[in-house]
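Participant: What follows is each chain in one-letter form.
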Amino acid sequence: MAKNGLITLTSRGLYCGQGDFYIDPWKPVSRAVITHAHADHTYRGNQEYLVPAEGERLFRIRLGDEASIATQGYGQTRLINGVKVSFHPAGHVLGSAQVRVEYKGEVWVISGDYKLMPDATCAPFEAVKCHHFVTEATFGLPIYRWQPTEFIFEDINSWWRRNQEKEKASVLFAYSLGKSQRIMNGIERLIGKIFTHGAVERLTQAYREHGVDVPDTTYVGSVENRKEFIGSLVIAPPSAQQAVGWLRRFGKHSTGFASGWMMVRGARRQRAVDRGFVLSDHADWPELLKAIASAEAETVYVTHGFSEEVVRFLNENGQNAIPLKTQFVGDAVAEEIFGSEEGSAEAPPA
Amino acid sequence: MKLFTELYVELDQTNKTNEKVEALRFYFERAAPSDAAWAFYFLSGRKPRQIVPSKLLRQWAIELAGIPEWLYEESRDTVGDGSETIALLLPNNATVDETPLHILVEQKLLPLRGAAEEIQREEVTSRWSEMSYSQRLVYNKLISGSFRVGVSQQLVVRALSQISELPPDIVAHRAMGDWEPTPEFFNHLIDPDLDTDETPIARPYPFHLAHQADFPIEGLGRPSDWQVEWKWDGIRSQVIKRSDEVFMWSRGEDLITERFPELAAAAKSLPNGTVLDGEILPWLDDRVLPFTELQKRIGRKNLSAKILAEVPIILQAYDLIEFEGRDIRTVDFRTRREMLQRLVSGFDESVGKVIRITESVEAADWAHLAEIRERSRTLGVEGFMLKRFDSPYRVGRHRGDWWKWKIDPLTIDAVLIYAQKGTGKRANLFTDYTFAVWKGKDLVPFAKAYSGLTDAEIRKVDRYVRDNTVETFGPVRAVKPQLVFEIAFEALQRSTRHKSGVAVRFPRILRWRDDKKIEDADSLDTIFAMLDAFQNPANA
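The listed protein sequences correspond, in order, to chains F and H.
Sequential numbering of the first sequence, starting at 1, is according to the working numbering.
Sequential numbering of the second sequence, starting at 1, is according to the working numbering.
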């Protein structure tokens, strides 16, 4: 990344000098343009935020009532010190965007996190042509290739049914923003009752306010008779797996974890859950290559994940690519490093 | 193959013992005996010699996946397992291979060994294209001789015992030693009506295993109820003499008779119908040699006269479990030991030199025993074994009758300097560490350790490694020296092959010392002082 280019990498994050704004900064700045509401992209403490309007409620939950937040819909353009800034769907989670930045004919796209696979809870990824494309590489190895989601939802359904026959609760760990709602939207809702951890409940409510179809849920903390959990599905963030006291209330239960990392057996065993479901909100290997190709960029900057591997592969195939050392982490790891917004696993929804 | 793959997936997916047993029962109740025999064979950790070299499987997968070789290697490092990497790299099919397990193994797999590469390739790649991802994984593991799944033989035996309504000990005993995975074998294994258990002459007994005493030793009551003996660190072995033949088995049920000809020769003079349990030890000038010396012999196909002279071995026998053709495992230990003593005292001098009986250590109380135990390191032992005089010889690991009373490990504070990704469960995390100690102003590598941290700590260290890599050498990352860990180990030995000049046995991480700075870590001087204190025989 050229030192005097339109976008540079600084110790606070990706910076547009001409427009004097940062994209997903990890240290406080005066003006932050945000791609999506996951903790490693949306930090508190910036003076002003510009976020995609399609995820407004989520940003509000993340940033609190005090934050100064301006919104802008997908496809709309605003000028910041002469720099054109627009949001385009990234297909990652509700209200996730790629940020397109243009100045004097030079176009950059910072894609944040994204996936190409259909997801009924958010707008589909839109390919945006540019000169410089910044891509993630969370799952940038050819072993990561997702199956159609119907199969995964069917697996979750049959796991839930089998547990129900044994009078067990099914406790499914999934990232509280995006993955949880995508699962609830996709599974067979007639099987039984769905309960949610506080972190999930609050964000799910925000999804509903944005008009996303999510089945009815009950906050776990509001349940007095623990027998209600028998045969039910409980959705909780990955961090809740460590909260032994919190889990005890479900009595006999089976645990599951929904993540792209579950592709590899070792990672699933390391998680020590009963079932791993391979479901990710990130692009798999073929999708990464497809998205990169469709950007038709002169230069591809590759951040978090298997960035060095993706860079080498692209270079060997005639594409100019450069690794970029950001502090984004990708996928469920974020929730463990940053904690769920609600702090303790016991916290009730607001 | 379908049913067996489902079993594999079930076993692989759960950590709960009863669910594993349930899955095993489900399988064995449905599988034909011809398939069940092979399933039992693989599940109990037996494997045919490698059928197709992993190198070839890898090469074909790289070609089919159309990726460069380095990308395969990166993928493999992340997955931690070659068979699984290959299974993941190929497109996932909707088709399922219905070939019965025994047909697949006997007619498709085994004949491939030694076949022309083109024939191997044709068979393997066309199988791959017909199999689901999970089947491919299991198939690759079978073909490369790396099949392993998280069940102990004990668990498989428990499932079969439930199906057959036979006591688990009977099933476990019938499954010992060498056998062929035939339907006859399997039917015999679970036949409840077979009342005479005619033992094939080579078959060993299941080993009785001890737990580490994890409580104040006084909790065991009076010392006089216990046989106290030194805990030797060698190769646990059953030495069998039946029908004029000698068979020696290791704990892993490998036949090791030919590895130790001097012991096999001595055992020839045992009466027929004798089974000894004991420890094979490298022994010279009336003291034990370091375990690494024994490894020199284990690794060798041909034992030269030189190595036999340099590393002679003996058996420290500590139990007699068959005598005059009679299984005496239910006889109390005191009586068994008396019988063993009588047997050993009747040996010729030449035999008695090789087959010895463990020394009994006696003292009035536990405090005195604890004092005597302090001599362990100078004697080259790990502490004491405690065996209740009135106990039977049991099957497998039991709490109560046999205890290991080991000395505390040596410990040292060392600095993390290199990290590498682990395999299996630890794949894609930096879990294999190299630790260093001070030598003047430099940190020199001292030990590698893989285990001892909690999953949460592993993730923290992993993060540290990723954020603080200063240099990369292939898969190894050199990290900024900052984290200090307390490393425990069992023994030290001088070594010219190690930069530090010492080799350590069984190093592991005891705890993360985040209260310490790297300046607080120990130095090589401390380690050499330990070496001198215990007078371990030099081994340059």
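No lab work stands behind these hints, which were simulated from the structure alone.
Check the hints yourself; a few may be wrong.
To be verified - Under the rule of at most 16 Å between Cα atoms (straight-line distance), these lysine to aspartate or glutamate pairs were calculated in the EDC-like manner:
#1 F:Lys-166 to H:Asp-413
#2 H:Lys-47 to H:Glu-180
#3 F:Lys-193 to F:Glu-209
#4 H:Lys-404 to H:Glu-180
#5 H:Lys-460 to H:Asp-442
#6 H:Lys-406 to H:Glu-180
#7 F:Lys-168 to H:Glu-19
#8 F:Lys-84 to F:Glu-165
#9 H:Lys-439 to H:Asp-522
#10 F:Lys-166 to H:Asp-286
#11 H:Lys-517 to H:Asp-413
#12 H:Lys-439 to H:Glu-519
#13 F:Lys-252 to F:Glu-150
#14 F:Lys-325 to H:Glu-218
#15 F:Lys-252 to H:Glu-218
Quick caveat: nothing in here was measured; it's all calculated off a predicted structure.
Participant: For this structure, which hints from the list above don't hold up?
Facilitator: 1, 3, 4, 5, 6, 8, 10, 13, 14, 15
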